[in-house]
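> Throw the hints in and build the complete structure from the sequences for me.
So the sequence lines, in the order shown, correspond to chains U and Z.
290 is the number that my numbering gives the last residue of the first sequence; the numbers go up by one with no jumps.
1236 is the number that my numbering gives the last residue of the second sequence; the numbers go up by one with no jumps.
Honestly, the hints are just simulated from the structure, not real lab data.
Hints may contain errors.
Straight-line C-alpha distance at most 27 Å; calculated DSSO-like pairs for lysine-lysine [said to hold, decoys possible]:
no., chain 1, residue 1, chain 2, residue 2
1, Z, K1213, Z, K1058
2, Z, K1156, Z, K1127
3, Z, K1058, U, K84
4, Z, K1156, Z, K1058
5, Z, K1184, Z, K1213
6, Z, K1127, U, K88
All values derive from a computational prediction rather than experimental measurement.
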Amino acid sequence: MSELLQFVLSGVTVGAIYAAVALGFTLIYNASGVVNFAQGEFVVIGGMTAAALIALGVPVIIAAPLAVIAGTLVGIALYRLAIKPAGKAPLVSLVIITIGASIFLRGVMQVVFDKQIHRYEGFSGDDALRFLGATLLPQSLWIIGGSFVVFAALAWFIGHTHAGRGIRATASNRFAAVLVGINTGRAMNLSFALSAGIGALAGVLATPVTFTSYDAGVLMALKGFSATMLGGVGSPAGALVGGFAIGLIEAMTAGYISSDYKDAAAFIVILLVLFVMPQGLFGRRTTERV
Amino acid sequence: MPDPLLEISGLVTSYGPIEVLHGIDLFVNEGEIVTLVGANGAGKTTLMRCISGVQPTKAGTIRYAGAPLARVPDHARAGLGIAHSPEGRQIFGDLSVEENLALGGYHRTDDLSPDMEDVFTLFPILKTKRHLAAGGLSGGQQQMLAIGRAIMGRPKLLLLDEPSMGLAPVLVDQILEVISTLRKRGVTLLVVEQNAYAALSIADRGYVMETGKIALSGSAGNLIADPRVREAYLGA
Chain U
1 MSELLQFVLS
11 GVTVGAIYAA
21 VALGFTLIYN
31 ASGVVNFAQG
41 EFVVIGGMTA
51 AALIALGVPV
61 IIAAPLAVIA
71 GTLVGIALYR
81 LAIKPAGKAP
91 LVSLVIITIG
101 ASIFLRGVMQ
111 VVFDKQIHRY
121 EGFSGDDALR
131 FLGATLLPQS
141 LWIIGGSFVV
151 FAALAWFIGH
161 THAGRGIRAT
171 ASNRFAAVLV
181 GINTGRAMNL
191 SFALSAGIGA
201 LAGVLATPVT
211 FTSYDAGVLM
221 ALKGFSATML
231 GGVGSPAGAL
241 VGGFAIGLIE
251 AMTAGYISSD
261 YKDAAAFIVI
271 LLVLFVMPQG
281 LFGRRTTERV
Chain Z
1001 MPDPLLEISG
1011 LVTSYGPIEV
1021 LHGIDLFVNE
1031 GEIVTLVGAN
1041 GAGKTTLMRC
1051 ISGVQPTKAG
1061 TIRYAGAPLA
1071 RVPDHARAGL
1081 GIAHSPEGRQ
1091 IFGDLSVEEN
1101 LALGGYHRTD
1111 DLSPDMEDVF
1121 TLFPILKTKR
1131 HLAAGGLSGG
1141 QQQMLAIGRA
1151 IMGRPKLLLL
1161 DEPSMGLAPV
1171 LVDQILEVIS
1181 TLRKRGVTLL
1191 VVEQNAYAAL
1201 SIADRGYVME
1211 TGKIALSGSA
1221 GNLIADPRVR
1231 EAYLGA
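Dropping the structure here:
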């Protein structure tokens, strides 16, 4: 019993990170139709920047927001320098641009930071909490709490602000959004910024538990992508549920089968989703009349 | 005679290498209903898209309220008072009817609720469906929603592209009635219609387009009586 609880706790912890990555995918996908394969790099930029600043002696309360800002700026740069200039290029080209950007960012991180694996102390220390016979790092609570706060804040922003409604309309019908006076370029820019900021925040929160290195983003993006697929592409609620589900599936695979197969679990989920329910759990069913 | 609200001269545009409008001259005076009729592919929709800015112009000028529009980006034109109810309705399918209408007033900062009530008076069916996803409405209801959304922007110039497309005759009458109501309120309208007789019956003036050019123009009464128009578009 305490064994199961242990697996659940670690599954929920990584699941919260995948949920944040999936939320980033969803935001950019909805605004632009692009699946952004550089999403994992945003997470790593957050973690690596925070690690570097903390190693320099910067207190975590300053290093963490700076790392989120760094990630956000990279997201804006990705949109302005790579996606926007491509103009009306086909979606496939834009997706390939994001793959290129992800390789480029990994290269830059090797130079700016290094090739080592990094971590720093958890925000509330590294002493594990005991909970019904299982142990839990206090940082896990930061990660889980952080992902819920991000989700709630984003839901509020999209639903209740002028700029958020612009993003929602752009996601729904970009042509009509222009006609009613929405600057869809700005809405997309904002989507990339938010998405990157959320990714970087996930990295900042996760690094004390998961560690990070310049190339950790690849696996992170793929896990986040399978969470997105499972939840249903385009659905924010799906991203949250899919993230936690992938985290739990992964933890159970590692615990009850073998940790060798841990990373395979997410890919098996992608295949199953494609075979059995391509629209995912919360995906849009096309009911629109024409 | 004051300047026209909309004045287009020598307008040329193309899709890729293919030129589709070859020098269009057209004007719409304030308070007028002007209709554009013509066969499929004549360039009517393209001309509307040039006015709202979503189709770039290659040559020629579009002047609105006395100033050229060339440097006004597409998304800023709604704020100038140009509303476009596009061909194919282009509603926000996954948003509710009410959210669709609210987005029609996106560029406004004042209270939208009186305007929403007004749209519900013009199209009562939308009120009963206000909380439903717009994508689930019937074609005619979606058409009303697209027109309602354009009205929410409090336009000075309303561009209606095929407002009667695919509608039952009783709904066509309802939409023609709304067009007359809007004109009484001082809205200037440019209406594209395949249903040339319906369009000319409510318009002040009309233009007949053929393969990217203006073939004929004149008062609606003259056009309805013109044998060329009768033969080609009115089936008489």
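> Next, verify each hint and record whether it holds.
Going down the list of hints, with the structure as the test:
Restraint check for K1213(Z) and K1058(Z): satisfied, since their Cα atoms lie roughly 15 Å apart, inside the 27 Å limit. In summary, the hint linking K1156(Z) to K1127(Z) is supported, as the alpha carbons are separated by about 25 Å, within the 27 Å threshold. For the hint linking K1058(Z) to K84(U), the alpha-carbon distance of about 22 Å falls within 27 Å, and the restraint holds. Distance check on the hinted pair: K1156(Z) and K1058(Z) sit about 26 Å apart at the alpha-carbon level, within 27 Å; holds.
For the hint pairing K1184(Z) with K1213(Z), the CA-to-CA distance comes to about 31 Å; that exceeds 27 Å, so the pair is violated. Between K1127(Z) and K88(U), the direct Cα distance comes to roughly 38 Å. Violation of the 27 Å bound is thereby established for this hinted pair.
In summary, the numbered hints that this structure violates are 5 and 6.
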